[in-house]
Amino acid sequence: MEKITQMNKQLFRENLLKTVDEVKKQKGLINQEIRFIVEPVEEHGKNLNSTDEWIKLTLLSKENTNGRYLELDEIIKLFTGLIPLVPIWLNISFEEVKDYVAIFKIQTSLRFRKPSILQNQETGHPPFKALL
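In my numbering, the protein residues as written are -3 to 128.
Check each hint, because a few of them may be wrong.
Said to hold, decoys possible - Straight-line Cα separation of at most 20 Å, EDC-like style, residue types lysine to aspartate or glutamate; simulated pairs: (1) Lys73 with Glu118; (2) Lys94 with Asp48; (3) Lys58 with Glu70; (4) Lys14 with Glu29; (5) Lys58 with Glu38; (6) Lys20 with Glu67; (7) Lys94 with Glu70; (8) Lys125 with Glu49; (9) Lys(-1) with Glu10; (10) Lys125 with Glu92; (11) Lys125 with Asp17; (12) Lys23 with Asp95; (13) Lys58 with Asp48; (14) Lys14 with Glu67; (15) Lys110 with Asp17; (16) Lys110 with Glu29; (17) Lys52 with Glu29; (18) Lys20 with Glu92; (19) Lys94 with Glu29.
To be verified - Just the calculated beta-carbon pair ranges, DEER-fashion: (20) Gln117 with Gly77: 39 to 47 Å; (21) Asn4 with Val37: 30 to 38 Å; (22) Asp17 with Ser46: 33 to 41 Å.
Treat the hints as calculated values from the structure; they're not laboratory data. These numbers come from a predicted model, not from an experiment. Every residue, glycine too, gets a C-beta built ideally from N, C-alpha and C.
Start from the sequences and build out the full structure, keeping to the hints where you can.
Okay, structure coming up:
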């Protein structure tokens, strides 16, 4: 698997959708509208730089993410506003179907980094990993 060295909004979107499709296929979900909930994850023993701290206090604050169901475009804007920096990893899992809408949880690192050091390279769609 070739290591990602660049990231843009289109590639981020494609990789997110590949991961969502992987989860949908495993769960037997077909052609459903999708929404996302975001869960920032504090990584014990990992230091945040000043950019990460700013992201934690603004973009990924509880006031901005807690209890909100975000559409695909909102997720793309949220996580790609500092391109080429994106979260070093994002885990995608299925939560529930609510009013014919498939709800997916995105667990995200608070550490935003350049593409060459993103985790989950082996998935073919870094920085995303499907939690099945």
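Verification of the supplied hints:
The hinted pair formed by Lys73 and Glu118 fails the criterion: a straight-line CA distance of about 25 Å is larger than 20 Å. Straight-line distance between C-alpha atoms of Lys94 and Asp48 comes to about 32 Å, which puts the hinted pair past the 20 Å bound. With a CA separation close to 16 Å, the supplied pair Lys58 and Glu70 stays within the 20 Å bound. Among the hinted pairs, Lys14 with Glu29 is consistent with the structure: their alpha-carbon atoms are about 15 Å apart, no more than 20 Å.
The hinted pair formed by Lys58 and Glu38 meets the criterion: a straight-line CA distance of about 13 Å does not exceed 20 Å. Our distance criterion of 20 Å between C-alpha atoms is met by Lys20 and Glu67, whose separation comes to about 16 Å. The suggested pairing of Lys94 with Glu70 holds, with an alpha-carbon distance near 19 Å, which does not exceed 20 Å. With a C-alpha separation of about 24 Å, the suggested pair Lys125 and Glu49 falls outside the 20 Å cut-off, and the hint is violated.
At roughly 16 Å between alpha-carbon atoms, Lys(-1) and Glu10 fall within 20 Å of each other, so this suggested pair holds. This hinted pair checks out: Lys125 and Glu92 have alpha carbons roughly 18 Å apart, not beyond 20 Å. Among the hinted pairs, Lys125 with Asp17 is consistent with the structure: their alpha-carbon atoms are about 12 Å apart, no more than 20 Å. Of the pairs offered as hints, the one joining Lys23 and Asp95 holds, with about 17 Å between alpha carbons and a cut-off of 20 Å not exceeded.
Simply put, Lys58 and Asp48 have alpha-carbon atoms about 15 Å apart, close enough for the 20 Å limit, and the pair holds. With a C-alpha separation of about 16 Å, the suggested pair Lys14 and Glu67 falls inside the 20 Å cut-off, and the hint holds. Pair hint Lys110 plus Asp17 does not hold up; C-alpha atoms about 25 Å apart against a cutoff of 20 Å. For the proposed pair Lys110 and Glu29, the alpha carbon gap of about 31 Å is over 20 Å, so the pair is violated.
Under the criterion of a C-alpha separation no larger than 20 Å, the hint pairing Lys52 with Glu29 is inconsistent with the structure, at around 28 Å. Annotation: proposed proximity of Lys20 to Glu92 holds, straight-line Cα distance about 11 Å (limit 20 Å). A threshold of 20 Å between alpha carbons decides the hint, and for Lys94 with Glu29 the separation of about 10 Å falls inside it, so the pair holds. Taken as a hint, the range 39 to 47 Å is violated for the pair Gln117 and Gly77, whose Cβ atoms sit roughly 23 Å apart.
For Asn4 and Val37, the hinted distance range of 30 to 38 Å is not satisfied, since their beta carbons lie about 24 Å from each other. Distance hint check: the CB atoms of Asp17 and Ser46 are about 36 Å apart, consistent with the given range 33 to 41 Å.
Consistency with the previously given hints fails for numbers 1, 2, 8, 15, 16, 17, 20, 21, ordered from lowest to highest.
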